[in-house]
Amino acid sequence: MSQKITTTLTVNGQRHTVTALPDTPVLWVLREQLKLTGTKYGCGVGQCGACTVHIDGKPNYACLNAIKDLAGKSVTTIEGLSPDSNHPLQIAWNAEQVPQCGYCQSGQIMRAAGLLSGNPRPTREEIVHYMSPNICRCGTYIRIVRAIERAAKEGA
Amino acid sequence: MKIKAKGERRKAEGSDHGSPITDHAVANAGRRRFMVGAAGLTFGVAAGLPDLLKSTGGTAAAAAAKSVTVNPWVSLAADGTVTILSPAAEMGQGSRTALPLILADEMDADWSKVQIVPAPPNDKLYGNPQFRYLQYTAGSATVTGYFNNVRQFGAQVRYVLMMNVARQWRVPIQELTTRSGVVYRDRTEQSISYGEIVAFAQIPAEAPEIELEPVSTAQFRLIGKDVPRVDVAGKTNGSARYSIDVQVPGMIYGAILREPVDQASPDRIDDAAARAVEGVIGIVPLPYGVGVLAETPWAAFKAKNALKVTWKRGARGWGYSSEKAHAGFAAIAGDPAMRGVAWETRGDVLAAMKKAATVFEGEYRADYAYHAQMEPLNSVAAVAPAGDAAEIWCGTQSQTIAVTAVAKALGIPESRIKFNDMLLGGGFGRRGNRDGEFVVDSALMSKAAGRPVKVMWTREDDVHAGRFRPLYVNRIRAGLDASGRLVAWHHRVVSDNVLAYADPVRFKVSKGRDNIAMRGTELPTYALPDRLAEGLSQATGMRTAPLRAIGVGQNSFANEVFIDELAAKLGTDPVQFRLGLLDKTPRAARARHAIEEVARMADWGRKRPGRGLGVAYLDYSGSQLAGIAEVSVDRASGAIKVHNFWCTIDCGIAVQPDNVIAQTESSIVYGLGLALSERITIEDGAVKQSNFFDYQVPRMRDLPEMHIKLIQTRNHPTGAGQMATPLVPSAISNAVFQLTGVRLRQQPMLPGRVQLALAEAASRPA
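Respectively, the protein sequence lines represent chains A and B. 156 is the number that the numbering used here gives the last residue of the first sequence; the numbers go up by one with no jumps. 766 is the number that the numbering used here gives the last residue of the second sequence; the numbers go up by one with no jumps.
No lab work stands behind these hints, which were simulated from the structure alone.
Chain B is nowhere near these chain A residues, computed Cβ spacing over 10 Å in every case:
1. Gln14
2. Asp56
3. Lys73
4. Glu154
Simulated crosslink set (DSS-like; lysine-lysine; CA at most 27 Å straight-line):
5. B:Lys312 to B:Lys447
6. B:Lys408 to B:Lys312
7. A:Lys35 to B:Lys418
8. B:Lys447 to A:Lys35
9. B:Lys418 to B:Lys447
10. A:Lys68 to A:Lys4
11. A:Lys4 to B:Lys308
Please read these numbers as outputs of a predicted model, since none were measured by experiment. Beta carbons are placed, not taken as given, at the ideal position from N, Cα and C, and that holds for glycine.
One chain only, chain B, in its complex shape (with noise of 0.2 Å):
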């Protein structure tokens, strides 16, 4: 079956439909041929789905409808508006716009007729294709997972719409054509809109499989125009709503003073003081800390304040000290003895090592760090008095865990159980672990209260009890032949483990190996041809988890910092060295575009007095970065001034170029956060700091002059979240030591360690 293919329709139509997307020449769109394939998606009601979407299914005419839902993701009214659910968390990213305008995109949908909703919790229908369909929004992958199978659905979409049409006119579908939400017979001039259709649409059974057109030369109409997110306007009046501002009837609050020490549970529990509160309702002992019950938000932090609980002394994270740590992570790096988990290997690394005319090494810290969401965390809870039955609501990176964390609290199953997806307040990690603490507080205390309860975390409380970036000790190996070429690689990471910590259900299937704690060791577009990553995670007792950016923000910083070192030792500068580690493939074609435009940006070459410029290149998931940093430093104080940040993306197709403008100038800012200042200790198992006066991010004073370009390539969309945020520490490392001839080889670079590397070069003799 061949129709007149949109990408036609759309040349035919003049300059105001064309790409913006220049990099490569718009090939002559061919024709699109449309297949019904066996494995065509079933179309109508499916299990689970909310009330929108239960009308018409199989065959049936849907004349007396007026609505008609063409697939789990699509419903369209009688007066033309579309419902598009959104699978993804809204966490500041811009995913609950991203997903429904692809789909709209091919759809051929009038964007002004877009409503968006929420998809329910259903992993099945709704999980991302990237991480085994679990509905877990995370690794800046929600783009670039469900671009295929979101641009498939709206193509069935439109194709379902145009086979009615050519049904009811009794006419060839090849004849019709779409534009914005209305079907053509163009040599007629006869049109009707997609909700005019709605009255005699005929939904078949089965879902054609429908041949997308390749990004290499798709026309797109929304994608790539910036069209603004659906989530902005009510972000600044008031009226966004985040799982913090949920009220219900009867609803109390609740706080809990939580185990210090992952896996402490409480001994002893002095409440007096609490319950002298007034307002306070009732303590409930759980099995992690001592919640409180009470009549306002202010009465429940100031009884948990007078609680005194002692706590049992049997977990292993007691006598944990982040002080210490590194020397006992620096001892395991350095064991040959101690074999780790292989996460990426190529040739014979230990060979190739033994061949190389010299090996040079280097070693490479990270501290804790806190996501410091801006949102504490937080959920609410109505639990049927039976406890057979709870509604809940709450902002999380995985609408599923969510539910089944609650199912499991409460021993009740995952049907019984009412998901509200909300605005998350921030993510960056912290609200996608399996076993959804933060919402399942609430399930447990609604229980206890036989009513409505919305817990609350202080901010301390999310401090004390943050689940953080490992601490890390990266070691690296590098063999070069006689001609100073670099033959062999040999990375070690000893960190936390993160991924069994934070994912117990996605470590069982990994075989050991902490994703997490691991990407950023891979260097995909250096031709290294023998090389080995291997991760020794350690089980340390400490809470950890996923961070915007997860290994790569320390890997990379190892990786890049040891490549200028190496740059530096063979007199070679490091922009031409990282040009002459490229391998010849498209992915590095990229990658040198990228690096090349940072340094023209930047004015590389030019010396500046009194500043120094560090570069560093990253292949994030296939997003090809650079960055360049522009410093000085406060010899007196050992502060580091960021001047200006040059920065190149390349994320293949760019949905929406402005936000991933956006979202660079915010990973910049997070990994400025995480070079300079970003510090979590721990003595005795417990976290020291409290608050933002003691973890201090950045504010608007401490920002460099940031220049982004955004690099269009027409390849599949890759990841654009969180992908510059590596770049930043490594890139200011390298700065530092172009003006001062000193390393900085720890994450965070604070003042006190710079002051002390310099006293410490300044000592050396010469």
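Just chain A, with the same shape it has in the complex (with noise of 0.2 Å):
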């Protein structure tokens, strides 16, 4: 583990050649090297879920996922989620004011999006179940099941 290497990753639908120590976790090459700083650092150890990316269409956390095991995956981040920021899940989110401080919310929002890919019309019940790995420390908790709801029902 103590010499760097090079690797190919696909980060938002664009190949990037990478090198950095095989365990680094693909979070710091995400915001350090590729600038993408949307996805956030919270914990380092998947408890927080403020990292979530989703990796081949599922959400997952970067501080866990070392670039040694993503060659020829594929990492979508926040910034790459919709094109004008007009995903369901982003309209919402303004529109149910969901953000406070603001920091987990890329990771909420990726977790969402991966919640109504797999499930569209989810229950009150299934959204609190399936977000509850990701911690928002300002609470905005019930907005948040607001925005989903909504996006369910408004979005595409």
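Quick one: dock chain against chain with the hints and give me the complex.
Below is the structure:
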């Protein structure tokens, strides 16, 4: 683990060749090398969900996925979720005025997008169950629920 | 000088500009008088202003100018853009929007043309009057502290604009009025936009002081409407910028292994393994730890973890155990020979207690609690190679404290520091400490590196070097007369000191009164002629800080559980008992409304099988709140489940009503964690917890249904950002009592503690 490797990642549809220590979590490569800083560092151990991205279309923790394991996989970050910040969840997030400090919200939205892609009309119980891995210290949870319900109703 | 008042103009416009504030009828809006007073503020350019404000000053005509600065808060461009400076930190509470909104309302600006810029560090110009003009965002004091001044500034701008138009058109100013960024002379149907005035505007050397309409009758155009927060959009697409996101050319990364105990410094450093990590650039010994400089964050973190450091054993905190501290604090609380510092005193409590027919006593405890803001502490600094200047980027609750701390650490004048204000990924009191340690970090590391450095704390660093809400033991004695009336109240608070540690500058002027530890003991709406709240803050060597709801979070818990105990002993309904304690003041009338309304919302009198209801009331800096929790208890595990939480809040004029609701939701969730699960323990001076797996904050599945009612009244706005937090543990404890007959007197009410309390109650002879 002590020598850098060079690997190719697909991020938001674009291929990037990066060099880093092989066990480097993709979080740091996204943020500091590719300058996609919407994905946040919160705990580093998969406990808070602030770093949630999609890996091959499914929500996953950028802090737990080392770059050596991501060759050939496709990563989507909040910056790649929609072309003009107009994903139904982003529109709903604005309508419900969800964010407070906002630091966890990229991760919340990416996790919610994972929920809706597999379950376009989730019940409230399903939302709560699915979203509970993601911490919001400002406690915006009830607005997150409302925004997901709104997006499910008004979304594509 | 009299001109047509804004209030009249708005009244004439019809209902679309009517105020949504309904609690008090809007009385006839009288004419506003404009007075040029000696107390007026100086217009024009002041030292330290950003470039955008460095335009014209004095009375020179601004014909050639593209923009004019009317006062240090507002700049107006020829295209109509109104730039308003926002002095407060934005950490999710909405202040970046709220203060400019208040100013724009009074200025009668077109909100769609308003651009908000963070104010530079400058206590004199941008400090909060409530904090003796310190530019410090805390205490839910931003709207309440700046409200009058910001309204005044807005009114001045509007007046100066109208004055210029009057001169240009050679008409009396009384014939002019404004509507949303345009000056009108209605009788001739003339109009001119604010932006067009820039071409001929003259700015007086001294501001006219304008008599504002009192809040009881003022008609607002933006205040009270749910204008969206300006920071929300960027927080839904990843573009919002926090200091952790900053990148500057040539920047490298820093991580710091900090001393496990405050004031313990490194003794022996073995950095061989750390230096062997690929990408490590250097090791930097610091007074308070050992820093690592590296090419990437990951290399910095790995190397930090590979450091082997032993620490000097001289610091006070070594050997300290939080498990043992409660017993020590309780002994102090119970020893009448140990006198505290009076926080609030009225009458003669000891004499009144002697005359009382009955005396009751209660003891309440709390553990250390951690802020757990989602963005771990960090900052970026670029110190000039010569070491004589620096640029810093950080999210701080005090811009001026950050600059002062860095200047002191580098030994250079404050004028040599350029500060970049970033969003905060949560504050909760963690980012306003006077030593500014998390920004000093990057300054010292950049100085050592000779290039820009971003220093990030890992979550583990953030927990291990956390600055906590202190450990508490509260002891209350209450004296009742023969009729059961409360006549004496003596509250002794024993905790680690907070203000002395977090802010020695403020502590010095406080005369030993620890505001952060003691707030919430006051009971301002209760009729209690003889009372004393005294603080016995202890120097334990532990790191402490204000934490959301500060001392109120524990002191109100002690008050409200104890009051519930008194009600039970007297056989009185807890809601009725609290109503009976209220005095006859207007403030108490608002309290009564808040309590009665929450009882109505929760259907207080209705019994629910397997569930308990508990009530709590709080006057927090003048905001009136009441809460009711509905709980069940899993007797096997001791786990408390909160099913419903009802809450009322009256914070006077609500500048952004939906945001007050959002802040109250937030405060309730925060209170839920402090009440049920959040606990820091310390052994041999060091923190035992590390991350979210052993410091558990509320998640979505833990939430009760929240039912919040904003009671809007025509009072000066008071705080909203943290006020509901203290209600939650009190209401939960009181609800568990109603359900089980068992009193829980310590935060957090962990399942193990609940089990123990239930078992003790069961083994007690009936």
